[in-house]
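Novice: In order, the protein sequences belong to chains A and B. For the first sequence, this note's numbering assigns the number 114 to the initial residue and increments by one for each residue that follows. For the second sequence, this note's numbering assigns the number 114 to the initial residue and increments by one for each residue that follows.
By construction, these hints were calculated from the structure, which means they are not laboratory data. Errors might be hidden in some of the hints.
If several chains are the same, the list does not tell them apart, and a pair holds so long as it fits within one copy or across any two.
[As the list claims (entries may be wrong)] Pairs of lysine-lysine residues, derived as DSSO-like cross-links and limited to a Cα-Cα distance of at most 27 Å, are as follows:
id	residue 1	residue 2
1	LYS211	LYS454
2	LYS396	LYS437
3	LYS437	LYS457
4	LYS457	LYS131
5	LYS159	LYS573
6	LYS557	LYS137
7	LYS431	LYS454
8	LYS159	LYS396
9	LYS431	LYS396
10	LYS211	LYS285
There are 2 protein chains.
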Amino acid sequence: MQTILGSVDRGLSESLEKLFELLKIPSISADPAYAHECRNAANWLKEYLTSFNFVTRICETEGHPIILAQELSATNAPHILFYGHYDVQPVDPITLWKIPPFEPCMLKDNLGQDVIHGRGSSDDKGQILTFLEACRAIYTETGQFPVRITVLLEGEEESGGEHLPAFLAEQKQHLHPDMAFICDTDMATADVPAITAMVRGLVGEEVTIYAANRDLHSGIYGNAARNPIQVLSEIITALRDDQGRVTIPEFYEGVPEIPSEIRAKWQEIGKTDAALLSPIGLKESAGEQAFNAIEQTWCRPSCEINGISGGYQGAGFKTVIPAKASAKISFRLVGHQDPIKIRKNFRDFVSALIPQDCRVEFESYGASRAGMVSLEGAILGAVCQALQDEWGCETAIVGSGGAIPVVNDLQREFGIESFLVGFANADDCIHSPNEKYNLRSFHKGIRSWVRILYALQPVKL
Amino acid sequence: MQTILGSVDRGLSESLEKLFELLKIPSISADPAYAHECRNAANWLKEYLTSFNFVTRICETEGHPIILAQELSATNAPHILFYGHYDVQPVDPITLWKIPPFEPCMLKDNLGQDVIHGRGSSDDKGQILTFLEACRAIYTETGQFPVRITVLLEGEEESGGEHLPAFLAEQKQHLHPDMAFICDTDMATADVPAITAMVRGLVGEEVTIYAANRDLHSGIYGNAARNPIQVLSEIITALRDDQGRVTIPEFYEGVPEIPSEIRAKWQEIGKTDAALLSPIGLKESAGEQAFNAIEQTWCRPSCEINGISGGYQGAGFKTVIPAKASAKISFRLVGHQDPIKIRKNFRDFVSALIPQDCRVEFESYGASRAGMVSLEGAILGAVCQALQDEWGCETAIVGSGGAIPVVNDLQREFGIESFLVGFANADDCIHSPNEKYNLRSFHKGIRSWVRILYALQPVKL
């Protein structure tokens, strides 16, 4: 492996050439005017992947094509699916860019370190090339691969990704990966590598409470007529206890304990309440009192009211008792929480609180499980060690509060866990002008994947 | 007095002639095209009032004129102020009228009883003429009056009444009435006369809760960031206890006990929960459990949420934690509840529930006291007896859940109580096509006022 790492080091300028070629293609998926550029990027990737022995297909969808490339010769070794996306965000406002966004170049930052500039450098072309350049180096040096590899590169991640789920469903009978790696996330800090091993799921519900058969004058009926805003407020209040815990029966079933050493690590690397809350003008975490803000967002389920509406909302005042009131409520799920069961228990809970004269209607908005990697597993251990070997410090196991749809898609279609390993940094300006990727991320990212692929070779599944 | 009542009976057709003359004038105050007709009605009333010795002025406002007529010769007798309005509602949709709305006539109803038809017959021309025809009969028979009388007839009651408060303030130094009578309300039932002796006051407040410095993604921050909708819901919930009582400190200070015989009477005359709630599709009263629906709306204070707003309210779903949420909240007041104190206590109550990371802003929308007549007073007793003598059954003391602004204006400017005595019926179609007034209401209404005026003569204030 040292040979290969040496090859990576020696070949860095060639790796950069490859990256710059790809960065020059303005594959903006959201703008139909750039559809042919998305196609150009796909064609470039096909030729590139083929050059180091991947059997590569450009798969048509109703939108931009998906690239599926395979190198499965490592019989008996684990089969990993690597996911990334070749499309990029639009570049507006163009005037804020220091360089033309599709004329990538290397600049020095304030600390004198080399930084790759250009749209897609971090999100996600730079990141996918850390993986693919690792593969190229391995193939160049050894003519083979330590594991079986399927590379899946999407062209619509930045514009809704609507065609991916159907594509994955089609592939279900052809593809049988053992695990997935996604390279589209950040490191814990600029020095600490991270694996995002927890991605929260989501259940969305709209609740509408109906009372009188029409809007009422609050003078004539106030006090006597049931007010659906009051009923709704009482329901919302009942959803949490005074310790910030959700009160729906069995809500916490399937919520895993996160090992205290992992939680301690988060504090150690600066993931404090203040780091999360200060930028948004807040001081104290509002959820379960037994957990800090990072724990509440990464590894604890939540219940949030995303919208509420009822009665008169315009300027001034109107003394009305409305006939109905509604709220949009979402639950973020972790571990093995069952979205279907939570939806049912939520509806039962609410229905039991509806007074005689009211009725309730529910509408569903999505139900996805959390993406949760086994924290005791051999794969996680192997990847952590590989990252630690490269970066010289312990790998942080982190979570993501929001849903990452592809994690759920892969879990649903292939029944596999996704390991999110990325080398971006929080200051990389993704989706904004002056997107960048540290050369160190690119270089050590490639080296990291070499180590990971070899570390996975002996893993018993 | 029997002589005068006989005169009323004999003169009924002449009284109807007078009423029909007034009903023929289309004094629609809301429509500027009818401004001259409002003037015509005012002129007609001036001439009419002058004919039975009232010193009458047409007082200009920036809108339609106000008529002020006085007959103050009954030295040492009580001074009553009578309020009514000579303007009427528009007549749309005209096609639904059985007769042309300003060509009044007498029709038989299903029971074979005579009914006056025409816009304004009930609201309020027919009602004001019950009083004025009583005055005319008294003057015709006796050449004098048992009490001092000021008649105040407004021309903008149906279009906002915006110029009345300033006019009353101006009159404060000239007018010193002892009590007011307002003839613009219903009887308890078609057979049971009523005095509306309780009119609820109103305090309106808008509360806005602010949390983070911007709208947040509920995936990234959900659980940890304070959600202002949740905070607002908890505040609304805390405003009432599980018995339906408002929990604001000292809220019930000044709320009078209503004598049990008055409350019993309401049930007796059919003012049941079902009568109030069935038409709006409800079954059970939602307020204080110790009181029924009529009591809750007529003689108990309320706290109602008139509007609530926060987060995403459009179609579909958006996983946002909003930066703010707001509610419009109103309190209906009874008896001697102090609106200023209630506003302060409400704000203190809410402020104490605001978590560290939130702030609250309040906006005021009005603060009026209840209009409450002393239920032990000599005037009320005298008026009740007079009505009972005329109608042959006990007078009902009733309440009105909504505010009636002129009651507050009169209380504020002159410090007097208002007795609302009206002879309309719930089926009179006021504000609608085919407005009517039962001939019996008109006839016995006139007779009632004769009795009331003589009953008031000996009242010691």
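Novice: All the hints need checking, so say for each whether the structure fits it.
Specialist: To see whether the hints hold, each was checked on the structure:
Proximity of LYS211 to LYS454 under the C-alpha cut-off of 27 Å is found in neither arrangement, the shortest distances being 51 Å within a copy and 60 Å between copies. Taking the shortest alpha-carbon separations for LYS396 and LYS437, only the inter-copy value of 16 Å comes in at or below 27 Å, while the best intra-copy value is 35 Å. In this assembly of identical chains, the alpha carbons of LYS437 and LYS457 lie at most 27 Å apart only when taken from the same copy (22 Å versus 30 Å across copies). For a Cα distance limit of 27 Å, the shortest separation of LYS457 from LYS131 qualifies neither inside one copy, at 51 Å, nor across copies, at 70 Å.
Taking identical chains as interchangeable, the C-alpha atoms of LYS159 and LYS573 are never at most 27 Å apart, the minima being 31 Å within one chain and 105 Å between chains. Taking the shortest alpha-carbon separations for LYS557 and LYS137, only the intra-copy value of 23 Å comes in at or below 27 Å, while the best inter-copy value is 95 Å. With identical chains, the CA atoms of LYS431 and LYS454 are at most 27 Å apart between copies only, with a shortest distance of 22 Å across copies and 40 Å within one. In the homo-oligomer, the alpha carbons of LYS159 and LYS396 never lie at most 27 Å apart, since the shortest distance is 50 Å inside one protomer and 70 Å across protomers.
Taking the closest pair of Cα atoms, LYS431 and LYS396 come within 27 Å of each other only across two copies (25 Å); inside a single copy the shortest separation is 36 Å, beyond that limit. With identical chains, the CA atoms of LYS211 and LYS285 are never at most 27 Å apart, being 44 Å at best within one copy and 74 Å at best between copies.
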